[in-house]
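Please build the complete structure, drawing on both the sequences and the hints.
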Amino acid sequence: MRRRRRTEILIKGSSEIAKNMFKEIEKNYEIKTIEEPDSALVMIKMRESSKNSLFYLGEVLVTEAKVQINEAFGIGIVRGNKPEFAYWLAVIDAAYNLELKETGSWEKILVEEEKRIKTEEALNDSKILKTKVNFESMKV
Numbered sequence: 001m002r003r004r005r006r007t008e009i010l011i012k013g014s015s016e017i018a019k020n021m022f023k024e025i026e027k028n029y030e031i032k033t034i035e036e037p038d039s040a041l042v043m044i045k046m047r048e049s050s051k052n053s054l055f056y057l058g059e060v061l062v063t064e065a066k067v068q069i070n071e072a073f074g075i076g077i078v079r080g081n082k083p084e085f086a087y088w089l090a091v092i093d094a095a096y097n098l099e100l101k102e103t104g105s106w107e108k109i110l111v112e113e114e115k116r117i118k119t120e121e122a123l124n125d126s127k128i129l130k131t132k133v134n135f136e137s138m139k140v
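Numbering (my numbering), first residue to last: 1 to 140.
Accuracy of the hints is not assured; some may be wrong.
Stated by the list, open to error - In silico BS3-like pairs for lysine-lysine, Cα to Cα no more than 27 Å straight-line:
#1 K127 - K12
#2 K108 - K27
#3 K115 - K132
#4 K115 - K82
#5 K19 - K108
#6 K82 - K32
#7 K118 - K12
#8 K101 - K19
#9 K19 - K130
#10 K12 - K132
#11 K118 - K32
#12 K82 - K118
#13 K12 - K115
#14 K45 - K12
#15 K23 - K108
#16 K12 - K82
#17 K118 - K130
Said to hold, decoys possible - Computed spacing ranges between beta-carbons, pair by pair:
#18 D125 - V42: 26 to 32 Å
#19 E71 - S49: 41 to 47 Å
#20 A122 - I44: 23 to 29 Å
#21 E59 - V133: 33 to 39 Å
#22 E121 - M46: 21 to 27 Å
#23 V60 - I34: 19 to 25 Å
Hint data in this document are derived by calculation from the structure and do not stem from the laboratory. Values in this document were obtained by computation on a predicted structure and should not be read as measured data. For each residue, glycine too, the CB sits at the ideal point set by N, CA and C.
As structure tokens, then:
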């Protein structure tokens with residue numbers, strides 16, 4: 001599973017999944033903290049569609065952490081002030097970069113969580129679409 005997809009599932013899904021994955025690695029490996037979880041502001045780039053040019057929409061607060069397990073590095077970045085969660089993501093990233101045996105069993109967990117997230121999003125989308133107004137059917 002690619003890093004982007006994995007991280008998106010962990011961020012959108014239940015934080016218990018990330019916590020359990022972190023604990024599994026923590027009890028079996030030595031984790032060296034390279035950069036303690038710290039807050040930062042990140043500029044958000046957007047593309048203006050008519051001119052196809054980039055502009056900065058604004059800033060967003062993120063929390064980032066960097067760790068090392070053996071010779072592999074991991075980074076965790078999450079929107080908002082969530083130092084513990086950023087640390088968990090960094091450890092999980094390092095575990096995948098090192099291709100630890102524990103990561104093999106996580107694939108199924110992540111795929112199941114992705115299905116749950118998509119179902120939840122589809123339900124939310126259907127609730128929103130119920131309020132959609134069809135302007136063509138309105139009479140003047």
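Does K82 sit within 27 Å of K115, going by the straight-line distance between their CA atoms?
25 Å, holds
Straight-line Cα separation of K12 and K115 no greater than 27 Å?
Status holds; Cα separation ~12 Å.
Given hint K132 paired with K12 - CA-CA distance at most 27 Å
Answer holds: K12 to K132 is near 26 Å, not above 27 Å.
Given the hinted pair K108 and K27, is their alpha-carbon gap at most 27 Å?
Since the Cα atoms of K108 and K27 sit roughly 21 Å apart, the hinted pair holds (cutoff 27 Å).
Decide if the proposed pair is consistent with the structure: K12 and K82, CA atoms, cutoff 27 Å inclusive.
At roughly 14 Å apart (the allowed maximum being 27 Å), K82 and K12 satisfy the hint.
Holds or violated: the 26 to 32 Å window for the beta-carbon distance between D125 and V42?
For D125 and V42 the Cβ distance comes to about 27 Å; the hint holds.
For the hint 33 to 39 Å, verify it against the beta carbon of E59 and that of V133.
34 Å, holds
Check whether the Cα positions of K19 and K108 lie no farther apart than 27 Å.
Holds, because 16 Å separates the two Cα atoms, which is no more than 27 Å.
Using the beta carbons of E121 and M46, state whether their distance is inside 21 to 27 Å or not.
22 Å, holds
Is K45 close enough to K12, meaning Cα to Cα at most 27 Å?
21 Å, holds
So if I understand the rule, the pair passes when the alpha-carbon distance is 27 Å or less; does K118 with K12 pass?
Holds, at about 10 Å.
Could you check the hint for me, namely that V60 and I34 are 19 to 25 Å apart, CB to CB?
This hint holds: roughly 23 Å between Cβ atoms.
In summary, the structure is inconsistent with hints 9, 11 from the numbered list given earlier, while agreeing with the others.
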